[in-house]
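Q: Listed here are the chains, written in short residue letters.
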Amino acid sequence: MSPRTAWQLIWLLCALPLADLVFRIAAQQLGANPQEAILRATGLWSLTLLLVTLGVTPFRQWLRWPELIPLRRMLGLWAFGYACIHLLAFWAFEHDFDLAGVAADAFKRPFVTVGLLSFGLMLPMALTSNTAAMRRLGRGWKRLHRVIYAIALLACVHFFLHRAGKSNFIDPAIASAVVLILLGSRIYFRR
Amino acid sequence: MARSDAKRLIRGDHLSGQITPESVVHRRRAIMLAGAALTAAGPGLLQASTPKPASAYAPLAAKPSRYSILERPVPFEEASTYNNFYEFGLEKEDPAERAPGRLKTSPWKVTVEGLVARPREFDIDELRKLAPMEERITRLRCVEGWSMVIPWVGYSLSELIRRVQPLGSAKFIEFTTLADPKQMPGLSYRALRWPYREGLRMDEAQHPLSLLTFGMYGVMLPEQNGAPLRLMVPWKYGFKSSKSIVKIRFVETQPPTLWTLTAPKEYGFYANVNPEVAHPRWSQATERVLGTDALFAPRRKTELFNGYADLVAPMYAGMDLKTFY
Numbered sequence: 676m677s678p679r680t681a682w683q684l685i686w687l688l689c690a691l692p693l694a695d696l697v698f699r700i701a702a703q704q705l706g707a708n709p710q711e712a713i714l715r716a717t718g719l720w721s722l723t724l725l726l727v728t729l730g731v732t733p734f735r736q737w738l739r740w741p742e743l744i745p746l747r748r749m750l751g752l753w754a755f756g757y758a759c760i761h762l763l764a765f766w767a768f769e770h771d772f773d774l775a776g777v778a779a780d781a782f783k784r785p786f787v788t789v790g791l792l793s794f795g796l797m798l799p800m801a802l803t804s805n806t807a808a809m810r811r812l813g814r815g816w817k818r819l820h821r822v823i824y825a826i827a828l829l830a831c832v833h834f835f836l837h838r839a840g841k842s843n844f845i846d847p848a849i850a851s852a853v854v855l856i857l858l859g860s861r862i863y864f865r866r
Numbered sequence: 004m005a006r007s008d009a010k011r012l013i014r015g016d017h018l019s020g021q022i023t024p025e026s027v028v029h030r031r032r033a034i035m036l037a038g039a040a041l042t043a044a045g046p047g048l049l050q051a052s053t054p055k056p057a058s059a060y061a062p063l064a065a066k067p068s069r070y071s072i073l074e075r076p077v078p079f080e081e082a083s084t085y086n087n088f089y090e091f092g093l094e095k096e097d098p099a100e101r102a103p104g105r106l107k108t109s110p111w112k113v114t115v116e117g118l119v120a121r122p123r124e125f126d127i128d129e130l131r132k133l134a135p136m137e138e139r140i141t142r143l144r145c146v147e148g149w150s151m152v153i154p155w156v157g158y159s160l161s162e163l164i165r166r167v168q169p170l171g172s173a174k175f176i177e178f179t180t181l182a183d184p185k186q187m188p189g190l191s192y193r194a195l196r197w198p199y200r201e202g203l204r205m206d207e208a209q210h211p212l213s214l215l216t217f218g219m220y221g222v223m224l225p226e227q228n229g230a231p232l233r234l235m236v237p238w239k240y241g242f243k244s245s246k247s248i249v250k251i252r253f254v255e256t257q258p259p260t261l262w263t264l265t266a267p268k269e270y271g272f273y274a275n276v277n278p279e280v281a282h283p284r285w286s287q288a289t290e291r292v293l294g295t296d297a298l299f300a301p302r303r304k305t306e307l308f309n310g311y312a313d314l315v316a317p318m319y320a321g322m323d324l325k326t327f328y
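As you go down the protein sequences, you meet chains S and Y in turn. In this text, residue positions in the first sequence follow the numbering used here: the first is 676, and each later residue adds one. In this text, residue positions in the second sequence follow the numbering used here: the first is 4, and each later residue adds one.
Not one of these hints is a red herring.
Result set (DSBU-like, lysine-lysine): computed pairs, CA atoms no more than 30 Å apart in a straight line: (1) Lys95(Y) <-> Lys841(S); (2) Lys268(Y) <-> Lys325(Y); (3) Lys66(Y) <-> Lys55(Y); (4) Lys841(S) <-> Lys55(Y); (5) Lys304(Y) <-> Lys841(S); (6) Lys250(Y) <-> Lys268(Y); (7) Lys132(Y) <-> Lys107(Y); (8) Lys841(S) <-> Lys250(Y); (9) Lys841(S) <-> Lys325(Y); (10) Lys841(S) <-> Lys783(S); (11) Lys185(Y) <-> Lys841(S); (12) Lys95(Y) <-> Lys112(Y); (13) Lys268(Y) <-> Lys841(S); (14) Lys185(Y) <-> Lys95(Y); (15) Lys268(Y) <-> Lys95(Y); (16) Lys66(Y) <-> Lys107(Y); (17) Lys185(Y) <-> Lys107(Y); (18) Lys95(Y) <-> Lys783(S); (19) Lys783(S) <-> Lys304(Y); (20) Lys325(Y) <-> Lys304(Y); (21) Lys107(Y) <-> Lys841(S); (22) Lys325(Y) <-> Lys174(Y); (23) Lys783(S) <-> Lys325(Y); (24) Lys250(Y) <-> Lys132(Y); (25) Lys250(Y) <-> Lys174(Y); (26) Lys55(Y) <-> Lys112(Y); (27) Lys66(Y) <-> Lys132(Y); (28) Lys325(Y) <-> Lys95(Y); (29) Lys268(Y) <-> Lys783(S); (30) Lys250(Y) <-> Lys95(Y).
Hints were generated in silico from the structure; no laboratory data involved.
Next up, chain S with everything else stripped away, as it sits in the complex (with noise of 0.2 Å):
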């Protein structure tokens, strides 16, 4: 398989739960809280996305193989549009679009407070994938893209607070544990 090939398999399943979730809704299949089931599924998407490209990096390390390199800026990029999503249906299904009912929670409460710190520094890091920007930003850009670290992290105490509730914290767990992991081996091979 040719690289190309790859990073258009890899696009598609990117959609692939894009696309599921489109269908379940014309289907009517989400259950009887549709909305819920879009906030969870995208915040879940936008996370495990996260965590993928984040992996990049370290397996083109490993493995020895630069052909990775285009997969992290795709896999970033369907990261961030599952995270514009879940962060439009939060905005839709939770305050009925009203700016003011979403401006209130991020002062109010930690939960929504730190999905939208996470977004906010998705944001830059969106607009600044471009080659243009990458070759303008030089060294800055490598220092810049570091923040998906922060991103990460912060997803991940987001998806605990979602779960405290019940207390049911394995799923945000295991995220946190692969960020640590990335991270952590990152650091230790770093040159």
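Got chain S sorted already, so can you dock chain Y onto it with the hints?
A: Below, chain Y without anything else, positioned relative to chain S:
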């Protein structure tokens, strides 16, 4: 809502079990079409489980209640597949998938004990005959910020309380849910303090609105909805309405509950529906009304005591509802 339905609801003489909202028919058709399309497309992306319809359960006759609200219930399918019943798993679809076939609701005994003159064990069949059944359409408001209108069948809990003659020292009642790991796979989840225990103050339990519930939609309760008997305390968040009750104990002091033991900052003992008292992670000012079909339907303004303020507010006169949440 079709106009004729609205009229029937207002007259109060409908039988909710007979309503099959058009939306459900459309939805079923959509699911069937989608299923056909998927089959044709080859590997199935999804598999839709087929939940049991209301007609699969034994009927439970009841007369209409004056406490019903004039709103259309959600489809039975939604009320019976979107449940919080953590003894069967933490996801909303878990109880509908795991409770039927596992939870054995017959024989079933309920122990009534503690500070009463006549403590005794009741058989579920006897309890069903204890008082005339009423159908009450009420809004179930979950602490998670959603609500569902459901027609419940049962009678006021006070009917039972009266018969066991509580002593003057009885100030609270504790309700215990079955906790049998053989029947309930969710009990292996140790972060919650099983068994599920809930409690009411004596006056709350004796209030005619507190319904000892045996059925819904004109039929016996499905397992996932708390068969064979549960509570429905409509002015409180749903978690106060214990499911699959095996023990009712009259006590002198406020009993600890699963939620006040597990997450005391999030869930209080009173748990009265109150738009002014926020949950730490979300506001309770509004709620998502389930069963509307419209993805972008506006949220509903949550009412104090879930709309029953006229009937229940006097019980809390002088109490700070923010402190006693």
